[in-house]
Structure formats: structure tokens, C-alpha cells
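Residue 1 is where the sequence shown starts when you use UniProt numbering, and the numbers rise one by one after that.
Just so you know, the hints here were simulated from the structure itself, not pulled from any lab data.
Please note that the accuracy of each hint is not assured.
Capping the alpha-carbon separation at 25 Å, the derived lysine-lysine pairs in PhoX-like fashion look like this [said to hold, decoys possible]: (1) Lys410 - Lys292; (2) Lys232 - Lys298; (3) Lys331 - Lys272; (4) Lys292 - Lys331; (5) Lys89 - Lys232; (6) Lys89 - Lys10; (7) Lys366 - Lys331.
All values reported here derive from a predicted model rather than from experimental measurement.
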Amino acid sequence: MIAILKRELKAYFTSVIGWIFMAAFFFVFNLYFVANNLIYGTPYLSYSLNNVAFVLLIIIPILAMRSMSDDRRTKTDQLLYTSPVSVPKVILGKFLALVLVFSIVVGAICLCPLLLSRFGSIPMAESYAAILGLWLYGCLSISICVFVSSLTESQVIAAVLSFALLFIGYMMEGITSIISSSGNTLTKVLNCLSTSSALNNFSNGMLDVAGIIYYVSGTLLFLFLTCQVVQKHRWSVSAKKIRRGVFNSSFVVIGIAVAVAVNVFAGQLPEKVKSVDLTTQNLYTLTDDSVKLINNLKQDVTLYVLSAENSADDTVVRTLENYEDESSHIKVEYVDPAVSPNFYSSYTDSAPSDGSIIAVSGEKSKVIDASDLYEYSVDYSTYTQTKSAYDGEGQLTSAISYVTSDNQPKVYVITGHGESSLDSSFQSALEKMNISVEELTLLQQDAVPDDAEGIIINGPTADFSADDAAKISAYLAGGGKAVITTAYNKTADTPNFDSVLAAYDISVTSGMVMDSDNTHYYQYPFYLLPDVKSATQTSKVDKYVFLPYAQALSNTGEHPDTLEWTDLLTSSDSAYIKTDVANIRSIEKEATDQSGQFTLAANVTDSETGADITIVGSSLVFTQDADSVVAGQNLALFKGIFSGTSAAESAVSIDAKQYTYSNLSVNQSVAIMSETLLVMVLPIVLIVAGIVIWYRRRRA
Numbered sequence: 001m002i003a004i005l006k007r008e009l010k011a012y013f014t015s016v017i018g019w020i021f022m023a024a025f026f027f028v029f030n031l032y033f034v035a036n037n038l039i040y041g042t043p044y045l046s047y048s049l050n051n052v053a054f055v056l057l058i059i060i061p062i063l064a065m066r067s068m069s070d071d072r073r074t075k076t077d078q079l080l081y082t083s084p085v086s087v088p089k090v091i092l093g094k095f096l097a098l099v100l101v102f103s104i105v106v107g108a109i110c111l112c113p114l115l116l117s118r119f120g121s122i123p124m125a126e127s128y129a130a131i132l133g134l135w136l137y138g139c140l141s142i143s144i145c146v147f148v149s150s151l152t153e154s155q156v157i158a159a160v161l162s163f164a165l166l167f168i169g170y171m172m173e174g175i176t177s178i179i180s181s182s183g184n185t186l187t188k189v190l191n192c193l194s195t196s197s198a199l200n201n202f203s204n205g206m207l208d209v210a211g212i213i214y215y216v217s218g219t220l221l222f223l224f225l226t227c228q229v230v231q232k233h234r235w236s237v238s239a240k241k242i243r244r245g246v247f248n249s250s251f252v253v254i255g256i257a258v259a260v261a262v263n264v265f266a267g268q269l270p271e272k273v274k275s276v277d278l279t280t281q282n283l284y285t286l287t288d289d290s291v292k293l294i295n296n297l298k299q300d301v302t303l304y305v306l307s308a309e310n311s312a313d314d315t316v317v318r319t320l321e322n323y324e325d326e327s328s329h330i331k332v333e334y335v336d337p338a339v340s341p342n343f344y345s346s347y348t349d350s351a352p353s354d355g356s357i358i359a360v361s362g363e364k365s366k367v368i369d370a371s372d373l374y375e376y377s378v379d380y381s382t383y384t385q386t387k388s389a390y391d392g393e394g395q396l397t398s399a400i401s402y403v404t405s406d407n408q409p410k411v412y413v414i415t416g417h418g419e420s421s422l423d424s425s426f427q428s429a430l431e432k433m434n435i436s437v438e439e440l441t442l443l444q445q446d447a448v449p450d451d452a453e454g455i456i457i458n459g460p461t462a463d464f465s466a467d468d469a470a471k472i473s474a475y476l477a478g479g480g481k482a483v484i485t486t487a488y489n490k491t492a493d494t495p496n497f498d499s500v501l502a503a504y505d506i507s508v509t510s511g512m513v514m515d516s517d518n519t520h521y522y523q524y525p526f527y528l529l530p531d532v533k534s535a536t537q538t539s540k541v542d543k544y545v546f547l548p549y550a551q552a553l554s555n556t557g558e559h560p561d562t563l564e565w566t567d568l569l570t571s572s573d574s575a576y577i578k579t580d581v582a583n584i585r586s587i588e589k590e591a592t593d594q595s596g597q598f599t600l601a602a603n604v605t606d607s608e609t610g611a612d613i614t615i616v617g618s619s620l621v622f623t624q625d626a627d628s629v630v631a632g633q634n635l636a637l638f639k640g641i642f643s644g645t646s647a648a649e650s651a652v653s654i655d656a657k658q659y660t661y662s663n664l665s666v667n668q669s670v671a672i673m674s675e676t677l678l679v680m681v682l683p684i685v686l687i688v689a690g691i692v693i694w695y696r697r698r699r700a
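Using the sequences plus the hints, can you model the full thing?
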């Protein structure tokens, strides 16, 4: 076998065919690599690999067309088959020679992630998974071409038939969608012949175990079929040939049956076994919070996907499969809107967009619109919208929690005193925790409604009336829960509001806290990065919270027996307070400034009444602008506060998973030089080298 391998390998590189193959491959791949990864700075190598996969449909048949057919044409096959080397070893030697040629170019691609890492962060594991997928796809394609080459003496016919088979396999998913958009038995069978499905999984950052089994079993099957074809050629017309033909036919059926059985078994494996998530953000893996919720389900939940199964979003499909694998109580059904256009009407009045999901359990249902499954960013220079984060798990877990919960907590946002409105991203976080959010004007109510799970008072700039303050006090005295932020820029004194806080030993110091320790502020001393204390409310916070224009809080200590005070955020010892904010002349510390360490956020609980107050000395802390400075940590604090104070055991909120890396920063001169060397010089050098070697061999 080694001798056959060496002979074939030498033949590819003493003729121009091997050199042309490498030149064509590198030209196409490098063209996309330079454009996508170096010029546009895309950190994903899979984008370039996806484009080169189609080119393999052309260049692999050309490379492999002579592997078996040339020996038949020149009758040298009889010499090979009568040699001491067995037929399987002859075929394996020829196949491995082709794989080695292909592996040379794939091996060169393996250097690309290392090159890109010099210009920024790239997903290494995802990149090498995509390369592995391309290599396995290439090996299967080579085995198909070797099989076709064994059927004919004509290299041209072998190349054309090989291209046709590879093209059909590559386009099979598109073909089946034309046959039936909703899918049927025929399309399910035909989809098994799709050679690109597993390749897409590898490109999306998955180590697809089922895909590996598919490619390896497919490769072995076509090598086995090639052996059977060659064995059949060795026998002349006789009774013995007939017996041999029956023997070969039986073997072919058995071989195909084994390959099918292996892949059916692989397809039945749990999703977390048949594929490994290699994405940095674990896009395809459920978080522990979701798994805990799913495992505790006691009632059935059906997730209706408003899409044909074969056209549904791949990432969403994989996520849904994970939910099904985790619990027998969850069932996923696909409903094609083209077949059942009014299916949604049983659950909602307005038609959701295609790809939306409806979670149903008993009489309760919740619609997840397809647009909510992803977060998007807008490039205002081109007015294009791209996916920036995947929120499929967060939305699905929230929906399952909602339809299986007996009650839904409600939080009221107090208005009417110059309060800031609750930022939409923070309101969405509460809604994902299945906490309903409503605004409440106390002037129009006799009291805080009985169904209030909590209230939010977001930075009032005007005082409460005595009546409004009494309503808040009565609510808290009944064991209510409040989240309060303070505003440094209030328009007047607020004695009534202050009296509500004073009942719980909370005093707000006038002025603005600044910090001279540069590790405790961002850009300016009044953009604070306080120390985060260990508490239930801060358990979700990782390192920094951003607190702009903050006020100091203090514990008056008048009710030490019944009130428990817990610091959540504190300044450094180098902090100071500017009291006359409107007339600040310098942000530097002055002799008259009160200095020291200050409490910036605290939680106060009343052991007698059960009242629970979390107060933060900045009305801007719970805004998207502030949250973006610390990559979502303000939102983590907000969710931690409500996870700690909400009585809803099912309150779970899963963050959206970032979908992309930051673009690479590649110097223009590097991109231009790479384009010249990789796209133009390298292919030309390979072709010239092939021609020179071929010419010298012809002259020898």
C-alpha cells in the first residue's frame, strides 16, 4: 500500500495536476481570506472557508479523475490487481495519496488563525472546527470521486459525473426545500444525502460528532463500493462471475445498511453528546439556570415554531433540541405558516413574523417574536443591520417560566415627582424574569395596589405630597419591597420623601461624590467605579459597576434592633463630596470638602414588617448608557436586586449571548502586501513550478 501511495503521490507532483489543484485552491481561498479577514477585519475564518467549499466541487473531481479510470484505460489495472497487494490496499493507497495532496492545502490554512491573532481576538476553537469540517468534507468528496473514477475509463466522464454527484449533495437542502417547504418523508430521506449540512455545523462553531460519523462512514462506504466495483471487473463472463456478482451485490447492500444504521444511531444521540459547543459564548449550550428550571418542570410545555422545519434558523433549532433533550415535559412542533396561516390566532390577535415561537402549557401561552431572538446593531454609515447577540435561550426560558407559573409578580414604577422613566433594556430584563412592569401615579390611587411585588422610585427631583409619602410608608410597613435611586439635581428640598427614607435610617447627603483614586473612577472623578460588596443583590456582578453623579448614603442608626443595613457599593477612602454642585469651580479635592469612604448603595430590611429597601445614590445607574460602560454589569446588579427581593421562585433572566467578536485591526499595508503575495504571487509560483517539473520530466 505504501508503494502505491508513493507512486500516486509522485504522479501528482511530477505532472501539473497537483500543482494546479493547489494553485486554484489557494487563489480562491486567499482571495476571500484577504477580503473578509484582512481588509474587512472579520475575525471568523469560517466565512472564507464557506466560500472555498463550493470550489472543491470543481477542483477535487479534476484532481481525482485519473485515480482509477486511467489505469483502466491503459490496462495497467490488471498488473495492480494481480500483484501481491490486495485490491483494498491498492484503492486505499490511491485514496490516501489524494488525501495527502488535499491535506497540504488544508494544513496551510491551519496557520491562518495564528496569523489573524496578531491583529486582535479571534475564536480559535471555532476556526479550527471549521477547518476540520472542511477537511472531512474534502475526504468524503475524494472518496466519491474515486468511486466514480472506478466506473469508467474516461477521465472526462469521471470528472463530470463526480462534479454532478458532489453538486447534488452540496445543494440537497435547497433541492428538498423546493420539493416541499414543510418537509415530508421524501425530503427527510433526501436530506440524508446532503453533504453540506454537517459542514455548516462545523462552520458555526460546533464540533459535530454526528457530522464526523457521517463523513467518516460515508468515506468508508464509497471506498468499500469502489472495492466491489473493482472486484467485479476482475471476473470474466462465466457461471463463477454470476456467483461473484451475487456475492458482491449482497456485500453492497450490507455495506449501505451498516452505514445507514450507524448514522441513524448517531442521529438519535442527545444533542449535547452528538455535538460539542466550541463557541466562546456557548451559544448552543444551555446555562445552569435554564437547566435547573427545565429539570424542575412538573407540567408539559409545547413550543410551536412558526416555520417549516427545514427552513428554520439553525441556531434556534439547535437550542430547541437542547430543551427537548433536557426534559420529557418539553415538546417542539413545527408549524408551517404557508400550510396553517391562522394557527397563531388561538394564542394571539396579531400575526407573529415567520420563525416566531409560541410556548403553550395548559391554558397559558406566550409568543416570542422572531425579531426578539436576536439583538441587532446598526452601522449608521451604511444603515445596515447585523446580528450582535443571540437571545434565544433567554426568551425561551422566560416563556417556559411564564406558562408554568401560577402567578406573575408585578412591579410598579412610581411617577409624578419628576422621576426618570425606567430604561427599556432594564424593563425588558424584568419582563424576561416574568415580572410585569406598570407605571403608577399615586395621586390617582388610594394606595399602592395589593398585587405589587415591588415598587421602583427612580430619582425623584420633586417632593412627594404628604399623602403620596404616606401611601409609600403604608406599603413598606406592610412588608413591601422598594428599589430607590436618588438624583443629585433635585429642584427643591424633599422633606416628605426624606421622611419615608428616615423611617428606615436612610439619610442622603446633598452634593455629588467624587473619587481621587484613579482605580475608582472612569475618565472623570464623578464617574465612579465603586467597590462591590458581597451580598445577594451583587452576586451577579463581575468586578465593576458604573455610578455617574452619585450621592452618599448614611445609616442614622436610630433603629438598630429592627433594621439591618447592608452596604452594596462603596467608594474608596480617597472620595470627597462637592456640596454646591451648581457652582463647582474645581473637581479637585478642596479643604472644605467632606472626605472619606462613602456608602453609595445599600439594602435595608425590617425584621418586624418584612420591608425591603434597596437604595442607590444615582438616578443614572439603571440606564443603557451607563450599563454599556461596564459591559452589562449595571444590568447584572439590577437583576440581582430583583432576584433577591422577588418572591417569584421562577424568576430567571438569561443574558443575551454576544454573537460576534470585535473586528480585527489590520494595517492597510499588511492587507495590500498579503493580497499581492497570497492571491497573485503564490498561485503563479505554484503553476510555474508545476510546469517546470512537468517539462523537465518530459525532456528527461
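For the pair we were handed, Lys331 and Lys272, check the Cα-Cα distance against 25 Å. Judged against 25 Å, a Cα distance of about 17 Å means the pair holds.
Holds or violated: Lys410 with Lys292, Cα cutoff 25 Å? 23 Å, holds
Run the distance test for Lys232 versus Lys298: straight-line Cα separation, threshold 25 Å. With a Cα-Cα distance of about 60 Å, the restraint between Lys232 and Lys298 is violated, given a limit of 25 Å.
Going straight from one Cα to the other, do Lys89 and Lys10 come out at no more than 25 Å? 18 Å, holds
For a C-alpha distance cap of 25 Å, please report whether Lys366 and Lys331 respect it. Measuring from Cα to Cα gives roughly 15 Å; hence the hint holds.
Can you confirm whether the C-alpha distance between Lys292 and Lys331 stays at or below 25 Å? Distance ~17 Å between Lys292 and Lys331 Cα, so the pair holds.
Decide if the proposed pair is consistent with the structure: Lys89 and Lys232, CA atoms, cutoff 25 Å inclusive. 16 Å, holds
Hint check: a violation occurs at hint 2 only; the rest are consistent with the structure.
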